[in-house]
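A.B. asks: The lines below spell out each chain.
Number of protein chains: 2
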Amino acid sequence: MSVNRKLTELIKPVEGAEARVIEAMRYATMVGGKRIRPYLLMNSAAIFNVHDEYALRAAAAIEMLHCYSLVHDDLPAMDNSDLRRGKPTTHKQFDEATAILAGDGLLTMAFEVLSHPDTHPDGDVRAQLCHALAVSGGANGMVGGQMIDLLAENQQLDIGAITRLQRMKTGDIIAFSCEAGAILGHASKEQRHALIGYAHDLGLAFQIVDDLLDAEGDAAETGKPTGADAAAGKATFVSILGLDRARQQAKLLGDQAKAHLEIFGQKADALRWMSDFVINRKS
Amino acid sequence: MSVNRKLTELIKPVEGAEARVIEAMRYATMVGGKRIRPYLLMNSAAIFNVHDEYALRAAAAIEMLHCYSLVHDDLPAMDNSDLRRGKPTTHKQFDEATAILAGDGLLTMAFEVLSHPDTHPDGDVRAQLCHALAVSGGANGMVGGQMIDLLAENQQLDIGAITRLQRMKTGDIIAFSCEAGAILGHASKEQRHALIGYAHDLGLAFQIVDDLLDAEGDAAETGKPTGADAAAGKATFVSILGLDRARQQAKLLGDQAKAHLEIFGQKADALRWMSDFVINRKS
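Residue numbers (the working numbering), protein chains in the order written: chain P, 2 to 284; chain R, 2 to 284.
No lab work stands behind these hints: they were computed from the structure. It cannot be assumed that every hint is accurate.
Given that identical chains are not distinguished, each listed pair holds provided it fits within a single copy or across any two copies.
Unchecked claim - Computed list of lysine to aspartate or glutamate pairs in DMTMM-like fashion (alpha-carbon distance at most 25 Å, straight line): (1) K235 with D96; (2) K268 with D256; (3) K93 with D80; (4) K268 with E217; (5) K35 with E54; (6) K93 with D53; (7) K7 with E154; (8) K268 with E10; (9) K35 with D159.
None of the values given here were measured: they were computed from a predicted structure.
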C-alpha cells in the first residue's frame, strides 16, 4: 500500500550514531496493521479531489502518530506487551529507552510532515492540520484517554464513562483522520462536521467490535491473546452491555455512521465500505 | 515571570478522569528552571517588535517541549533520576506511566499552541514555527541527540562526536528559540541566520559550562550531584579538553556568539547579556 512507501520515504535511514532510533521508528511503523486511519484520510480527501501527494503525506503523518501511541502504550510501565501482531513490540526488539525515544520521534515527525510545504501550499491549511492533530492527540484527546484507561483497571465504569474514554483514546484520532481530508479539501463547515460525525460513530463501533473480538474472538485470527480485558478486570462495552446488546450497538453505530455521509452521494462509497468492514471484521 | 503565568493558563486543570495527566504536565513545567529558552525567544522576538502575546505563547510552547524532554530523560529506562532541581522528578512524584503520558502531552501541546491562531494571525508563520520546532526536536535533532547520548556511555567520543551530540541534544532547540523570534518577526534570511549562529555558539558554550559545573561545581549551588558524568564514565568536554581548555573554549564561544549579533545593534543587548550569563553562571 502506498502509505507504507511514503512512511519508508519519510523516515529516512541515516549514517550517524542516532541511526538506532530511526531504525526503531521504521520498525514501529512497519509492523503492519490495518492502516485504517490512512484509509479514512485518503478517502475523505478524495471526496474533495485533494491532490494524492498531499493526502498521502497527511496519511503517513497520522500513521506515525498512531504508531507512536502503540509504542508507548506497549511499554512495561503501561500495558507491558511483548507482542504486537505476532511480532516483538519495539521495546522488546530494541530496548525500553530506544522505544521511548522512537515514540517521541514519531510523534514529532508527524508534525514535521504536516507542517512541511509539500503537504499543502497554503500555510493556513498546514497550521490547521497541526492544530487539529494536536487537539485530538493531546491531554484532552488520545493522551487523556490513555490516562483514564490506565486508571480504569478494576474500576466499575458505567456506559457513559467508557464511551467518553474510548472517544478520547481512539475516537478523536479517527475523527482527525476524516477531518484532515476536509481541511486539505477546503471543505465547508457542514461537510467537515458530517465527516467528523461519521468518524466518531465509526470509532465507537470499531471499539465495540474490538471488545467483542477480545471476548469471543480466535487468538489465531486476531493475532493477540483473547480474554485479556476480562483477565485485567477491565470494564468494556461487552462487560457492561453483554455480547448481544454490544453486537446490536455496533451495528447501529455503523448504520448511523453511514447516515452522516448522505450529503456526499457516491463519492463517499469508500467510507461506507469501511463502516461495513469495521462491523464485520474478524480480526 | 510571565512565561510561568502563560504556562499555567495554557495547561488548564480539568475535572474529568484525565485530570491526573494534566496535573503531572503542570508539575513538570512548574519545577522551575532557568527558563533560558523562553528568554531567548522573547528577546529574539523583541528585536523585530513582535507582539508580546505572540512571543509569550511561543515561549510557553518551547518550554513545554523542553520540560517534556526532561520528564522523559529522567525516566528509569533513560537517566533514571529521582530528583531535578531538588524536587522529585515527575515519575517519582506521580508514577512512570503518568510521566510518559505527561511528556507526550506536553510535546503535543507545544504544537497545539504554536499552530493556534492566537500565536500569529498568519497561518504560514504558524506552520513555519511548527516545522522548525519539529526539525529541532525530532530524530535528527534533540531526540537523535538523546539516542546518541544513551549509546555514548563508556564510549570514547572525540571532540567532533561530542560537539555533534550536544548540538543535536541541546543546541538545536536553543537555536529554535532564537529562530522562532525571527519567524514571528518576518526577519530577513540574514537576520535569521545571525540569530541561529548566535544560538548555536551559545548552546555549545552552555553545555561546556554545564560540564565544568558538573566536574568542579558545588552540589548545593547547582542543585544536582556533581561528578555524575565522570562516575557514569561519560565523555564530556571537560574529560576531553581538561578544565583549563574547556573554560577557554566556553569563553571563546560566548564571544563568538555575541559577534553574530552585530547587525542588530543595541536591540540585541538582552541576548548579549545572556551570553555573559551563560559563561559566568555558577549553577
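A.B. asks: Next step is simple, just say for each hint if it's right about the structure.
C.D. replies: So, going through the hints one by one against the coordinates:
1. When the C-alpha separation of K235 and D96 is checked against a cutoff of 25 Å, the pair qualifies only between copies, where the shortest distance is 20 Å, while the shortest distance within a copy is 28 Å.
2. Proximity of K268 to D256 under the C-alpha cut-off of 25 Å is restricted to the intra-copy arrangement: shortest distance 17 Å within a copy versus 63 Å between copies.
3. With identical chains, the CA atoms of K93 and D80 are at most 25 Å apart both within one copy (13 Å) and between copies (19 Å).
4. In this homomeric assembly, K268 and E217 never come within 25 Å of each other (Cα to Cα): the closest approach is 35 Å inside a single copy and 69 Å across copies.
5. In this assembly of identical chains, the alpha carbons of K35 and E54 lie at most 25 Å apart only when taken from the same copy (21 Å versus 43 Å across copies).
6. When the C-alpha separation of K93 and D53 is checked against a cutoff of 25 Å, the pair qualifies neither within a copy, at 36 Å, nor between copies, at 47 Å.
7. Taking CA atoms no more than 25 Å apart as the test, K7 paired with E154 passes in neither setting, with 37 Å inside one copy and 34 Å between copies.
8. Taking CA atoms no more than 25 Å apart as the test, K268 paired with E10 passes in neither setting, with 29 Å inside one copy and 43 Å between copies.
9. Taking the shortest alpha-carbon separations for K35 and D159, neither the intra-copy value of 29 Å nor the inter-copy value of 45 Å comes in at or below 25 Å.
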